[in-house]
Each structure stands twice: as structure tokens, then as C-alpha cells.
Amino acid sequence: MPLGNRLKELRAAKSLNQQQLGQLVGASRQTISLIERGDYNPSITLALRIAQVFETPVEEVFYLTGEEEQ
Amino acid sequence: MKPKAEKKNTWVYVKFAIIIVVCGLFGAACSMLIGSGFDGLSSLSDAISLGLYRAGVPLMALGLLLSAAATTLYLAAKKPMARADEDDEAYEKANRLLCLALILTTLGFPWFMLTAGLAFGRTIRAESIPLAGFGFGLLILQLVWLTALQALVIGATKKLYPEKQGNVFDTKFHKDWYASCDEAEQKAIGDCSYFTFQIMNFVYPFVLLVLLMVGSAWSISALWFVLLGGLWMMQTLTYQLRNYWLQHVKPNR
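Protein chains in written order, with the working numbering: chain A, 4 to 73; chain B, 8 to 260.
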């Protein structure tokens, strides 16, 4: 099931660019870009790290797109 | 989530049987053709071989085009690279251009080795010493160009990915680079490696089959079988042993 995310809006709210977010979570800018576009599903560890940066539960950042349609 | 309906097995077996029969018929037809044209093929092989040896130096010079194309791509990447920090589109463009430059550079090395083998074969040395000398000059030029370009492209890539580690002149370069990749990049490397493994697992048996057919009608060096079979075994064994190690020796990665 495809994984959706609110990474771009959360990043904008925190005024972080992809490079900065990547540095904070230990990922490359390219990987952040891939996640934002839905081209890569991050591991649980990386998803938790990302959620930690935005101080929000992981399900506020990532969601199953099938779930949202329901 | 509903489990996917399992694919019907019958078609898989029918398809497998059809492939085997078609391959068998193709093999038989090729063997008959090879058998009937034994003398013609033998002289054709000699002519191709001599032609390739003679074309060694020009083919090596053609490799300079690869280096030139890679250099053009590298230079084209410089402009978007300057804006990559603040512009995501420029970053993507620079990244893509560098990736293409790296493809051509890495292709340049096997091309260079292949054509060097042809250019310095015994046949060509015996036929024309000046041509072999010119080939030697090309060899040095291409080696320096490709090595320098690869270092430049990797250096530029490291500017786009500041977290990347590894010196291209160090024997541990690939290990250091891989270790500095994040999970998505390591997964991409794994995908590429597996794809290559699959392709080569098709190429080896196919080439060996062709060799088997040719060998049944024609006297060819046993070293061809040893070389190809050895390389195939080495690839399969490396994959399987690594798989075993990851699953049973060091499972908690």
C-alpha cells in the first residue's frame, strides 16, 4: 500500500530545506526528496527520526494512502 | 489487506516447457547450420578476428569520444551545481548530469581494456610497430583522462552530497562510499547489484550454450569454457556465500 506523507508542509513550517532535514536525520538530500515524492518508503528508524525532528507522532508525518481514502 | 490471489501454476509450467522446446529447436538449427558451413565459418572467424585486431587502435581512439562526452556532461553540471544549495531543480539537474557523466566514465574503463587488448595483440604488433606505438600513446592519454575525470565527477558528487566519504584513489573507496550512504542509497545499490546479477545469470548460460553448439562442430579452445564457466561459478558462489553469511553467520545487521 502506498505511503503518503506531510513532509513538505512540516518542513516548510519549520523553515528547513531538504539538506538541513537530511543532516538532522542522517539521510541525504536526495533521500528526503525521494520520500517527499513518495518514491521511497523510509525504514521505521528513519521515519521515527523524522517525526522526532518535527516533535510529532510518526502517524502525523506518514500515513497509508488507502486509509485516508476510507 | 486482502492477500493477492496466487498466480495459476499451470501456465508457468507450460511456458517453461515451450521455452525449453524452442531453445532445443534453435540449438539444433544452429548446430546444423554451423556443421554445414564448417569451412566457411572457420575462415569467417579468422577474418573477424584479424579485422578486430586491426581495428584495435581506431576503436581505442573511438573511446576518446566517450571521455569527451563525459567531460561535456561534467562541465554542463557545473552551472546548475552553483545554484544547487538554494534551488531544488538545479540540484536535480546537476545530480542527473553527474550521474550520466559517471556512467560514461565507468563505461570508458572496460572499453579501454577491451580495445587495448586488441591494439596490443600479437597480430597487430607483428603487422605494424608504428600503429602499436600510436596505440600506446592513446592508452596513456585515455588512462589519464578517464582517471582524472572520474576523480572530478566523484569530487563534484561529494559537493552535492557532503556526507559522502571515500577517496577515489584509495583501494577502500567503494567500502567507504557505501558506508557513507544512507538506507535509501544502500537499497538502490542493492537493487542495481541484484539487477546486474539477474542479467548476468541469463548472459552466462546463453553464451555458454552458443559456445557449446559451436564447440560441437568446430574445434575451439577449451579455455573459453573454463573462462566463462569459471566466471559464472564465481558469480553464483559469491552471491550464495554472501547470502549465507548474512542469513546465518551475521543475521543481526
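The set of hints was computed from the structure by calculation and includes no laboratory data.
It is possible that part of the hints are untrue.
Derived coverage of chain A by chain B (criterion: at least 3 residues anywhere in the stretch with Cβ under 8 Å from a Cβ of chain B; other residues may be distant) [to be verified]:
1. 22 to 31
2. 35 to 45
Far from chain A, by Cβ distances over 10 Å, these chain B residues were calculated [what the hints assert, rightly or not]:
3. Leu66
4. Ala75
5. Ala76
6. Asn102
7. Leu150
8. Ala155
9. Leu167
10. Ala191
11. Ser226
12. Trp239
We put the CB at the ideal spot given by N, CA and C, even for glycine.
Hints and how they fare:
1. 22 to 31: It holds, with 6 qualifying residues against the three required.
2. 35 to 45: holds (count 5)
3. Leu66: holds (36 Å)
4. Ala75: Label holds. Min Cβ-Cβ 28 Å, cutoff 10 Å.
5. Ala76: holds (24 Å)
6. Asn102: violated (7 Å)
7. Leu150: At roughly 31 Å from the nearest Cβ of chain A, Leu150 (chain B) sits farther out than 10 Å, so the non-interface label holds.
8. Ala155: holds (25 Å)
9. Leu167: Label violated. Min Cβ-Cβ 8 Å, cutoff 10 Å.
10. Ala191: Non-interface label fails for Ala191 (chain B): nearest chain A Cβ at 4 Å, not farther than 10 Å.
11. Ser226: holds (54 Å)
12. Trp239: holds (33 Å)
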